[in-house]
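Listed below are the residues making up each chain.
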Amino acid sequence: MRIVVCVKQTYDPATVKISRSREEFDLRGAVKITNPADRYALEAALRLREAAGGEVIALTVGDADAEDVGREAIAMGADRALLIAGPELASATGRAVARALAAGIGHLAPVDLVLTGQVAAVDGAGGLAPRLAAALGWPVALDVVSLAAAADGGIVATAAVGPGVGEVISLALPAVVAIAAGIERPRYPQPARIANAWAPGLLATCTAQDLGLTAEDLAPDVEVGGLVLPPERTRGQVIAGPLATAAEELLAALKAQRLISAAAA
Amino acid sequence: MDFTLPKPHQLFRKMVQEFAAQEVLPRARQMDRQGWPDMELVRKLGENGLLGVPFAQEYGGAGLGELGYCLLMEAIGAVCTSTATIIGAHIGIGVMAIYLGGNEEQKRRFLPDLCAGRKIAAFCLTEPNAGSDAASIKTRAVRDGNRWIISGSKIYITNGPIADVMTVLAVTDPTLGARGGVTAFIVEKGMPGLSVGTIEHKLGIRGSATSEIILDEVAVPAANVLGQVGAGFITFMQTLDTGRLGLGAACLGGASAALDLMCRYAAGRVQFGRPIAEKQMIQWMIADTATEIEALRSLVYRTAWMVDTHQPYTREAAMCKLYGSEVASRAINRAVQVYGGLGYSRDFTVERMWRDARIAEIFEGTNEIQRIVIAEQVMRPYGVRVRP
Amino acid sequence: MSLDLSYYEALMGAAAAGEQPTAETGGVWVVALAGRLDDGLLRLIGKGRVLADALGAYVYLLMAGDAGAADGERAIKAGADRVLVAGGMPALADLVEFFRPRGPQVVLFPATRSGRALGPGLAQALNGSLCGHAADLEVDPIYQRVVAHQPVLDDAARQRVALLAAPAVAVVDTTRLPAAFNEPWRTGTVEETGLTWPVSAPRPTVALPVAPLTLASAAVIVAGGLGLKTAEGFALATQLAQALGAAVGGDVAALDAGWITEDQLIGLTGVRVAPRLFLALGMDGDTNLFMGIQDAGLVVAVQPDPSAPIAAVADYNIHADPVEFARVLLGKLRM
Chain U
0 MRIVVCVKQT YDPATVKISR SREEFDLRGA VKITNPADRY ALEAALRLRE
50 AAGGEVIALT VGDADAEDVG REAIAMGADR ALLIAGPELA SATGRAVARA
100 LAAGIGHLAP VDLVLTGQVA AVDGAGGLAP RLAAALGWPV ALDVVSLAAA
150 ADGGIVATAA VGPGVGEVIS LALPAVVAIA AGIERPRYPQ PARIANAWAP
200 GLLATCTAQD LGLTAEDLAP DVEVGGLVLP PERTRGQVIA GPLATAAEEL
250 LAALKAQRLI SAAAA
Chain Y
0 MDFTLPKPHQ LFRKMVQEFA AQEVLPRARQ MDRQGWPDME LVRKLGENGL
50 LGVPFAQEYG GAGLGELGYC LLMEAIGAVC TSTATIIGAH IGIGVMAIYL
100 GGNEEQKRRF LPDLCAGRKI AAFCLTEPNA GSDAASIKTR AVRDGNRWII
150 SGSKIYITNG PIADVMTVLA VTDPTLGARG GVTAFIVEKG MPGLSVGTIE
200 HKLGIRGSAT SEIILDEVAV PAANVLGQVG AGFITFMQTL DTGRLGLGAA
250 CLGGASAALD LMCRYAAGRV QFGRPIAEKQ MIQWMIADTA TEIEALRSLV
300 YRTAWMVDTH QPYTREAAMC KLYGSEVASR AINRAVQVYG GLGYSRDFTV
350 ERMWRDARIA EIFEGTNEIQ RIVIAEQVMR PYGVRVRP
Chain V
0 MSLDLSYYEA LMGAAAAGEQ PTAETGGVWV VALAGRLDDG LLRLIGKGRV
50 LADALGAYVY LLMAGDAGAA DGERAIKAGA DRVLVAGGMP ALADLVEFFR
100 PRGPQVVLFP ATRSGRALGP GLAQALNGSL CGHAADLEVD PIYQRVVAHQ
150 PVLDDAARQR VALLAAPAVA VVDTTRLPAA FNEPWRTGTV EETGLTWPVS
200 APRPTVALPV APLTLASAAV IVAGGLGLKT AEGFALATQL AQALGAAVGG
250 DVAALDAGWI TEDQLIGLTG VRVAPRLFLA LGMDGDTNLF MGIQDAGLVV
300 AVQPDPSAPI AAVADYNIHA DPVEFARVLL GKLRM
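Residue numbers (numbering that gives the first Met the number 0), protein chains in the order written: chain U, 0 to 264; chain Y, 0 to 387; chain V, 0 to 334.
Simulated from the structure, these hints should not be mistaken for laboratory data.
Computed from a prediction, not measured in an experiment: that's the story for all the values here.
A hint or two may mislead.
[What the hints assert, rightly or not] For lysine to any residue, the following SDA-like pairs were computed, each having C-alpha atoms within a straight-line distance of at most 20 Å: (1) Y/Lys201 - Y/Trp353; (2) U/Lys16 - V/Thr286; (3) Y/Lys106 - Y/Gln33; (4) U/Lys254 - V/Thr286; (5) U/Lys254 - V/Ala234; (6) Y/Lys6 - U/Trp197; (7) Y/Lys278 - Y/Gly267; (8) U/Lys16 - U/Arg1; (9) Y/Lys13 - U/Arg186; (10) Y/Lys43 - Y/Glu126; (11) V/Lys331 - V/Pro201; (12) Y/Lys201 - Y/Gly45; (13) Y/Lys43 - U/Tyr187; (14) Y/Lys201 - Y/Glu126; (15) U/Lys31 - V/Thr286; (16) Y/Lys13 - U/Val223; (17) Y/Lys188 - Y/Arg146; (18) Y/Lys278 - Y/Cys262; (19) Y/Lys278 - V/Thr286; (20) U/Lys16 - Y/Glu126; (21) Y/Lys43 - U/Ile182.
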């Protein structure tokens, strides 16, 4: 089975601040990492390869720094990586990224299964897997927490549909599956694999033009603007009055801020 | 001069920092309380390839060199000195003695299991009457055909109770003294006559296991002689040098953790209406600590580079150990002071760090010995001969 | 005197003359995939109405599944101009085939499982634009285009995402939208499309392991201190936590009193927590506690003393006996 895992470089959310005055992200000191959900996708791919054999290829789109993500995937266990690089791709929006990834997958054909992380940290919206599936013309499954090879050559995916409840989906290949962060952490890369991940021949780089993508293909579909900030935190407010009204006022405020479920109040 | 880490080492540092935060830190308090290593954690260290980091891949190591080893020790030392001690005794001196002094057959026989953590190593040098004066050890090895019979006892052996493979220094010719009269041997758990003696109850690093090792006519095959007969002292002294560097890196981690803790508390603790971070005395403590840490960091990583580029490093390794242990002690002491009463509480981390730090100035060669080594190295070109 | 509608007619075209809208090209579409129109979908229709009014367009609802006639009427009262009814559950190809000839301007999906799978797919297939997770939407008056507000950094803020290409598709978290309209004077049409998409068999379900609720990962925490006075008082905190699906914690005083175990201690010497909601019952607050809850979202403190240290730190204070307040709150939650 040839499995392609789409991995993305994002910022570590713990290192990203918000500038209230400029209404934008403050990226000073922000650290670039592999998107945490993508590591779960890699883990799922590696387990599938361990069970059913095959090849795991990491695919990433971005600028030159994105190579680190491909190398980390190799260190974790991927057989090789492909980086689609270029300045226009560093700022590409969702539609263009999906097109570039689809072209990359075409370049790596025949591919049986594409895995992605469900959502990107910091500012992801979870649209990549369905977009990619549409671009490829393949079926898609979301919220998947575990994968297994099926006897008929397809795969069986378990998707989380609610707390503690999963749905079993049988998928014929080729297909796109979005892996959600699960309970078990992905494996740590072995230090020996880390030492060898930069060896020649493991990571290939190509440009969007190499894959036949035009500037029009990569045109942005959205324009990202400033941030809308919640009101400043005001401490020391007092909810006064008799207990019953204070309790009601508190519950209403908590409900309005979606801190407690509507079912509770 | 390019001070950036090579790419693989940058990724390795990230990996080991994550491992330290997710696997080691949650266990640190319990290990200290129970006074024993967490063997589940030791198993995980082995499984994740962290017990063979500097050794060549052909022997089962990761091939990340001394630089990788220092990154490992810094990251672990920042969260749990006990774990760093276990790793240091295993990689830094236990396995290292075989790696530096062993022949090809011995390396192929022992290193793969040791690098994978399937076996744990210990380094047996110190005796009741031979601490700093290592040359006056009494453990005796007598030749018997193609075996050696070893009798004696070693004390303060880190990993002693959990080790499978021990490198032991014994006297083979009492007339020759340290130069030509002592030999290093590889002794394995299960050899009749080898036993674990008194377990040490320590002030700090209570999550590491330290004990006496008793050798009662242990028969060791000639194939387990490490290096040349009579050349054991050189092997051991060489091994201690790399061990010292790793300890310096662990101290760097501990000092950095202390600085982080100090700053967090000072920023949040309000007295006289303002955070204490706004008081100059606190700022001086922080500035001094930060400066010492930077100096130590440069020293440690430059020394690691010297090791990996096959330059002599005895002097620098001793400096790393000396300066590292003192910087860590000062930094952690200041952290306790900044935390005030809370710093003295057994319910909080800095108290454990304070207890753990004290040993660094004593073991792996006391700081007095380190000063002698440094003085000897510095004054040699001037024709001065320094003796302990 | 009759109203001069000439300006209006010029703006809206023939439709303003009082005819019911018939053309389906352009427009703001809302896609309901489960048949039944729940409150979330009605809110979405309302948001569609607001966008459509700003864009000068109509609101169409595609209702797939088993919907009743009553649903169609409710949709119109909520702001839809035309309701198109279809049967079954469309796959992506079906939706693409439906929408391609109609050239919608905006298509809104609710953030259900099917919406999250079909919305982005539709945007990609029709070469449109997408906001895959929108908490709100508005129309940029200068460019006359839809701008979605996408939660970022775990909803610490919202990012404005302008949708450049048509169709502008948004997958919307309907729980965050304003309340639905229910305007009895609205009129519209409900019609059958005649389309019946296949209904797939329900998939087998399986139990999934649930991550244990720990203090460090809990989204809501109820914590108790000495102000709860007795073990029975603390038990109320535990019951409150159960009712809210929250984790239970306490301070050093609660630990010393034996009401909590060591792993439930919150503070510098215990667990550092980062819940969205921290409810402190009977806790005065000290540096130890405050350093443990630095990353908490909203802090609510219930204790009688307005000059206690926690009063300045908490977002909301209720100066009352925590035991009595807990009883009252519990009563209201269980109602």
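Do the hints match the structure? See the list:
1. Y/Lys201 - Y/Trp353: Status holds; Cα separation ~13 Å.
2. U/Lys16 - V/Thr286: At roughly 25 Å apart (the allowed maximum being 20 Å), V/Thr286 and U/Lys16 break the hint.
3. Y/Lys106 - Y/Gln33: violated (35 Å)
4. U/Lys254 - V/Thr286: Cα-Cα ~30 Å, so violated.
5. U/Lys254 - V/Ala234: violated (24 Å)
6. Y/Lys6 - U/Trp197: Within the cut-off at roughly 8 Å; holds.
7. Y/Lys278 - Y/Gly267: Holds: Y/Lys278 and Y/Gly267 sit about 13 Å apart, inside 20 Å.
8. U/Lys16 - U/Arg1: Violated. U/Lys16 to U/Arg1 sits at ~39 Å, over the 20 Å cutoff.
9. Y/Lys13 - U/Arg186: holds (14 Å)
10. Y/Lys43 - Y/Glu126: Violated, at about 32 Å.
11. V/Lys331 - V/Pro201: Status violated; Cα separation ~38 Å.
12. Y/Lys201 - Y/Gly45: violated (25 Å)
13. Y/Lys43 - U/Tyr187: holds (11 Å)
14. Y/Lys201 - Y/Glu126: Between Y/Lys201 and Y/Glu126 the Cα gap is close to 17 Å, so the pair holds against 20 Å.
15. U/Lys31 - V/Thr286: Not OK: U/Lys31 and V/Thr286 at ~33 Å, beyond 20 Å, violated.
16. Y/Lys13 - U/Val223: violated (31 Å)
17. Y/Lys188 - Y/Arg146: holds (17 Å)
18. Y/Lys278 - Y/Cys262: Holds, at roughly 12 Å.
19. Y/Lys278 - V/Thr286: Roughly 18 Å between the alpha carbons, so the hint for Y/Lys278 and V/Thr286 holds.
20. U/Lys16 - Y/Glu126: Measuring from Cα to Cα gives roughly 55 Å; hence the hint is violated.
21. Y/Lys43 - U/Ile182: Measuring from Cα to Cα gives roughly 18 Å; hence the hint holds.
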